[in-house]
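Participant: Could you slot chains Y and Z onto chain V? The hints should help.
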Amino acid sequence: MRSGSLIFGVLLSALVVIAAGLSFLWVPFDITQLSIPDKLQTPNKLHWLGTDHFGRDILSMVMIGARTSLAVALLAVGIGFFIGVPLGLVAATRKNSIIDEVIMRTNDLIFAFPSLVIAILITALFGAGAMNAIIAIGIFNIPVFARVSRGAALSLWQKEFILAARVSGKSDLRISAEHIFPNIANLLIVQGTIQFSLGILAEAGLSYVGLGTQPPIPSWGRMLADAQTMVSFAPHLAIIPGTAIIITVLGLNLLGDGLRDLLDPRVRKSRE
Amino acid sequence: MLRYILKRAISLIISLCLASIIIFAVVEIAPGDPASFMLGINAQEDTIAALRAELGLDQDKLSRYFTWVTGMIQGDFGTSYTYRSPVAEMVTERIWVSLPLALYALLISTLIAFPAGIYAATQRGKSGDLVVMGATQFGIAIPNFWFAMILVVIFALKLRWFSAGGFVEWENGIFKSMKSLTLPAIALALPQASILSRVMRSALIETLSEDYIRTARAKGFGKRAVIWRHALRNALIPVLTIIGLQFSFLMAGAIIIEQVFFLPGLGRLVFQAITQRDLIVVESVVMLLVFAVITVNFIVDVTYAVADPRLRRRV
Amino acid sequence: MSILSVENLRLKIGTENILGGISFRLDQGRILAITGESGSGKSMTALSVIQLQPKNAKLEGEIFFDDQEITKKDEFELCKVRGAKIGMIFQEPMTALNPVKTVGDQISETIILHSTKNKKSADKETLKILERVGLSPAAEVKKRYPHELSGGQRQRVVIGIAIALKPSIIIADEPTTALDVTTQAQILVLLKKLVTEDNIAMVLITHDLAVVADMADEIAVMQNGVIVEIDETDNLFQNMKHQYTRSLFAASGHSVNLPVTEVNSDSLLTVNNVTCRYRLARTKIFSKSDYFTAVSNVSFDIKNGERVGLVGESGCGKSTLTRAILGLEPIYKGEINVDNQNILKATSRTRKNIQVVFQDPYGSFNPRHKVSTLIKEPFYLIKDSPESKNIESKIDKVLEDVGLSATDKNKYIHEFSGGQRQRIAIARALIIKPKLVIFDEAVSALDVTVRAQILDLIAELAAEYGLSYLFISHDLSVIRSITDRCLVMKDGKIIEQGSTKKILEQPQNSYTQTLINAAPKLPNFQLEL
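Protein chains in written order, with this note's numbering: chain V, 114 to 385; chain Y, 182 to 496; chain Z, 1422 to 1950.
Just chain V, with the same shape it has in the complex (with noise of 0.2 Å):
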């Protein structure tokens, strides 16, 4: 199982990354032509998975939305890594000093905020589009990984190797920088995985009620909004966008925990 969720993870992934990849030198037809005559058709020869009410290929905008997605969701991660994991570093070496409190405690605070509603503010006061909702999306990013970092560093401070880095002279930035982040690496690329996953869906949510990616770039829950109407009388409308998305999030879920499982010793152990 454990394998096989590794293999699965991968295989999904890397399904929607190529259609993410290929979108940018090809797709089947031209989705800022509108073809009205073509409208609503269900999946046939010509357009595999249908036409929407304006008569795109769906194809096509599943393939664009893709792109989306993951660009908002890996640069929403990345806000969230390159500030966050410092931070939790920083926190971790003046354990329980004040800049370790206020660390901690500005990170308890944005956890309280409801995050979907902040997102929604965030984007709604300052604007609709892809840029607000990556930093909407990143600034919820920042405490994950700083909470995570943190506690990882503060177990391996402990450790007599690090002690013996100290008794080497090293400063503490640089035990973090040589000693500290190599080794909780696997954690963050494992929660960075379940992050970019999160990403997706809080994205797909965002740009459903209109506050996310703007039109005429597709976007899945643009294209899921454009469904709702339509829904029960051309139901392949929401069900294709829908399963575009389990598809990149179940394969991103399964793929975290199959590199979780892969990189931690401690499970790789008990399976021998």
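Because the hints were derived from the structure by calculation, they are not lab data.
A few of these clues could be false.
[Unchecked claim] Here are the in silico distance ranges between beta carbons for each label pair:
(1) Z:T1436 - V:W139: 50 to 58 Å
(2) Z:I1533 - Y:F356: 38 to 46 Å
(3) Z:K1541 - Y:A488: 46 to 54 Å
[Stated by the list, open to error] Below, simulated BS3-like cross-link-like pairs (lysine-lysine); rule was C-alpha separation at most 27 Å, straight line:
(4) Z:K1587 - Z:K1564
(5) Z:K1493 - Y:K404
(6) V:K272 - Z:K1804
For each residue, glycine too, the CB sits at the ideal point set by N, CA and C.
Facilitator: Relative to the frame of chain V, chains Y and Z by itself:
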């Protein structure tokens, strides 16, 4: 114990103060003046100024902040810019939709997650575990608003068991109101149930590997008896945290589900208020939600102390 | 009539043979000690007897308890035997009790489970048991949670659970390994008293040969999953038949050949009235912080060429003092000087003179680095000096000095055994030629034979490198074999110091006397190697 609660209570108050400042600041620095937004692009300068004065927007920021906060403490949440009615009244009206919905969803989620998680933990590595864990992977991956749409198609449009949206007021009978909340609650509960059963499973597995479980087995407790008598209570601690977080998520995160089902809840209120630049409503509702989250976490912390004697006597 | 008889017990996990045909018998009222080094399968033997071996283990052979075949019993029948007829005591008292239940409940639930007694009479019984295991006032202790008791007290509770139903057998798996030596002595006395009073047969699993000698009627020595020798205790000590038994006992009574060194009058390390303290969590929100004084007004010095020991039980402040000497701990009062420079302000040239070897051979190295990277880390202290040239050849040299080969530098740490890792730790400490090395419980995690080798190596290298060292240990036999002078520490204070020989033979302080008397000793025995 009292000391611990007092300590937590103080940090709760500090959090609330900071939260109010942040919310106020975010709304302040956001572009878009409510008065000009409400009057449209063609409004005259002096009309806008008059409206700003009427809404109290011409005062300086600090005194506006204090008016807002002191008002809230007294239960006065201000007056909505657009509806011209007290925010407190609007909120009370809406909370009777959002709160039952959140509790309903939490109930469904817990009822599914506890048995599923415990079952999976006892069947660890066997096919039963695989099936439950596979199902939860799907549960987490499905966007709840999409799931809501599918539920509407199947149960409202095709089978006609439920209505496709809207809320039946409580005056029309509890049963009818609950029925109108059932599909939204299921849609909300599905991902939460999946997360919770995974947490339940791993907490239980972790606990079952502890030394004291081995001691209990050596005492002559069977595998089942050990779970009920020793493991479950210890495993409940992380599960409680997640339930606490989920409740707050369900209060606030219902925002999109309320859109899908046209439910007049808090989420929908804040969404509408944001799009109409009804900032006083936005501030107050978000503050209320944050208050709910922080308070629930406070209650969870205190519950911890009751569940875990190590915390109970710690100073 | 034997109460327990094990016939040709074999146990496999995956393809690995853990037990390769174990047989022994145990009569009512007798104590059988199973001893051996880590990985010999002694704990697995214990777990198999109550059928709590890991799920993925495959077991063959027969175990007769009270003339009934245990391996053939189903789970339901086994549960009736466990706890009621076979009691079990585990190693780690800190984790063996459920943290969220009172100790009284944890004892009484055993009674309720196996008898028809109601809660009330079980509670009464519990009080008697607590008194029996020496926990009084029982009515008070009963209501406590495990975290409110000390390690020794917790182990008494575990023993209480094991004897609650007057079982025929108790299986004790390293019951005193996690305890301090004075506590260990008390627990051993208690165990012996209880099994004698109730005529209980006991299987005692322990790696500590002195404990074995002290307690057992019969001794089984295990190596690689088989019993290599089993005999009555007296017979075994008079006539050890198997080579492994002999080497094991030899290593355990090993005395290091300490080369004669010259001590000159220059102080290398001076510790001057040092006090270290920690802030405790505040008891009231607005009260002043309370402090815990871990090290209190400690003074001593180490001269060039001296070999000094520091002995004390857990919590005596020796770890804090060690860290303070290394400059890793803030000092509240007093000062520590290395080479006449305050350690907290010392230049890296001075700090280079003090290096350290830690206890845990697994936690001492970054698992992501190669051995060469690991052992050259101290060069960071003198990175710009000419001494840090030719690092590669210095690595080769030091690896060979500690008994490894130069080619080991390209390996990762997980490829080495515990003993080899301690050699690497010593290499890391020696590579920049310090004057003083702190050995912080550096052999405590090692098996006896490996421990003897490492101690020999330390003695030899110290002479070769002209080292002084401070050897911190809880184990008097280690201190005895490797130091000339020693300090005894208790509650943050040095309570006695002087020549090792004198302190161990004529201790003046009453605590030192207790400590020395509590340490189990090997009887005199003849060895023909």
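Participant: Does each hint fit the structure? Answer for all of them.
Facilitator: Going down the list of hints, with the structure as the test:
1. Z:T1436 - V:W139: 50 to 58 Å: Taking Cβ atoms as reference, T1436 (chain Z) and W139 (chain V) lie about 51 Å apart, which means the hint holds.
2. Z:I1533 - Y:F356: 38 to 46 Å: At 45 Å between Cβs, range holds.
3. Z:K1541 - Y:A488: 46 to 54 Å: 26 Å, violated
4. Z:K1587 - Z:K1564: Holds - the C-alpha atoms of K1564 (chain Z) and K1587 (chain Z) are around 23 Å apart, at most 27 Å.
5. Z:K1493 - Y:K404: Measuring from Cα to Cα gives roughly 18 Å; hence the hint holds.
6. V:K272 - Z:K1804: Given that 27 Å is the threshold and the Cα spacing comes to 24 Å, the pair holds.
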